[in-house]
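Using the hints provided, position chain Y relative to the given structure of chain S.
Order-wise, the sequence lines are chains S and Y.
Residue 1 is where the first sequence starts when you use our numbering, and the numbers rise one by one after that.
Residue 1001 is where the second sequence starts when you use our numbering, and the numbers rise one by one after that.
Simulated from the structure, these hints should not be mistaken for lab results.
It is possible that some hints are incorrect.
[Unchecked claim] Distance ranges between label pairs, derived from CB positions:
no., chain 1, residue 1, chain 2, residue 2, range
1, Y, GLU1012, S, GLY59, 49 to 55 Å
2, Y, VAL1126, S, GLY4, 53 to 59 Å
3, Y, GLU1101, S, ARG208, 40 to 46 Å
4, Y, ASP1092, S, ARG16, 33 to 39 Å
5, Y, LYS1077, S, ALA227, 31 to 37 Å
6, Y, GLU1113, S, ARG13, 41 to 47 Å
7, S, GLU73, Y, VAL1126, 24 to 30 Å
8, Y, GLU1099, S, ARG13, 30 to 36 Å
9, S, SER69, Y, ASP1073, 21 to 27 Å
10, Y, ASP1073, S, ARG208, 34 to 40 Å
11, S, ASP58, Y, GLU1102, 22 to 28 Å
12, S, GLY59, Y, ASP1092, 34 to 40 Å
13, Y, PHE1013, S, ILE40, 42 to 48 Å
Source: prediction; values computed, not measured.
Quick reminder that beta carbons are idealized off the backbone N, C-alpha and C, glycines included.
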Amino acid sequence: MSFGRILSEVASREKRVIVYAPDDSVRELADVLATRNLTIDHRQLPAISSDAFVVVRDGGEFRGALSLSDLLEFLTPPVRRPDDLDSLARKHRVVYELLDDTVFVTLDRQQLLATSRELEDRAWRTGHGRLHAGFQRAAAFEAQTSVYRELATTDIDVHVYVPGGVSEDPLAETPITLHTRNGELDRYWFILFDDGETGAQNCALIARETEDGRYQGLWTYNEELVAEAFKTVD
Amino acid sequence: MTAQENRATGLEFPSGDSDIDYPPPDELFKALASSKRRRLLAALPAQSPMTLDELTDVLVGWQSTGDGPAGPDEWAKVKIELVHAHLPLLVDAGLVSCEDEEIASTEYPEPVEELVAFAGEYESAVTDR
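Chain S extracted, bound-state conformation (with noise of 0.2 Å):
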């Protein structure tokens, strides 16, 4: 499967968030969340309850709940995006959780760049498997040279794309594999993370570049997804 058809075929899937708030604050996430495959519902609280909370279903089966105020804190540019591996929060991380398999249609740069630190993060806690990252510039891969100098100290096997390569190719001193001509691989933003082991830890990022800068894309921790992604760089 190419990653337009992923990018298709996970845009059927209907997921639910559910909004639940003493006012109509909905109106304000729907317009943050901007996908293809999010149903938005809202549920009025009593006034002197709680504050509002948003939960998320997928097919039916509760997947997670968070309160509105965290939700759009992460939702908003900028997305804080930590220096270091292994230190985003866990409220965030939860976040990624609840909205992968999601189809988004405007995400910034900012946005993206949060998300694959959560994936690089993912694999370089796990420290196996095998890692393939495509960039659609030289320029956007040298800005991540120090996180993948970091990925290249552990077992996993790291593939980088960037298409006519980088000048002086500042990871040649370290064992990962740099790939130049990718034909259609070079219209993407991905990242792609097989642990080698159970799959639980496994992910992709799979995103491209609309014509206003803007992106369309979605992250998974779907085995089966992230499976059909590697057969398109394999």
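Just chain Y now, with coordinates in the frame of chain S:
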């Protein structure tokens, strides 16, 4: 027939009216002696019943506004607590009815209504500080 008026609170308990079902005091105060049950009473609208799953969603979501995000494990735990502890207690006190998976609050006698409302307001006033 005269209304018995409590001098300290001004609550009115119509006397001699045997049609009104007052919850026994121990059961009533026990029902209010847990934050989950107070929240449950605050969230349950008298008119529209909720399913057990919806009620669990609300309690877990409400909890997440203070304790941070919650996942399916927490949800399952809260649902079990509801079924085995909180709901039976509230049903025994006559504050909640459960029929065919539908849960609703009953119509309370006025003093009980005020007490439940007070418990909710007290909770949010004291815990939001």
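Checked hints:
At about 51 Å, the beta-carbon gap between GLU1012/Y and GLY59/S stays in the expected band of 49 to 55 Å. Separated by about 55 Å at the C-beta atoms, VAL1126/Y and GLY4/S satisfy the suggested range of 53 to 59 Å. Under the hint 40 to 46 Å, the C-beta atoms of GLU1101/Y and ARG208/S, about 45 Å apart, fit the expected range. Checked against the hint of 33 to 39 Å, the C-beta distance between ASP1092/Y and ARG16/S comes to roughly 34 Å, which is consistent with it.
Our hint of 31 to 37 Å for LYS1077/Y and ALA227/S holds, since their Cβ atoms are close to 32 Å apart. Distance hint check for GLU1113/Y and ARG13/S: the Cβ-Cβ separation is about 45 Å, which falls inside the suggested range of 41 to 47 Å. As the Cβ distance of GLU73/S to VAL1126/Y is approximately 26 Å, the hint placing it in 24 to 30 Å holds. Evaluation of the 30 to 36 Å hint for GLU1099/Y and ARG13/S yields a pass: the beta carbon distance comes to about 35 Å.
At roughly 23 Å, the beta carbons of SER69/S and ASP1073/Y sit within the given window of 21 to 27 Å. For ASP1073/Y paired with ARG208/S, a C-beta distance near 35 Å keeps the hint of 34 to 40 Å intact. The hint said 22 to 28 Å for the Cβ distance between ASP58/S and GLU1102/Y, and at roughly 24 Å that hint holds. Restraint check, GLY59/S to ASP1092/Y: a C-beta distance of roughly 36 Å satisfies the suggested window 34 to 40 Å.
Separation of PHE1013/Y from ILE40/S is about 46 Å and conforms to the stated range, judged on CB atoms against 42 to 48 Å.
Consistency note: the structure conflicts with none of the earlier hints.
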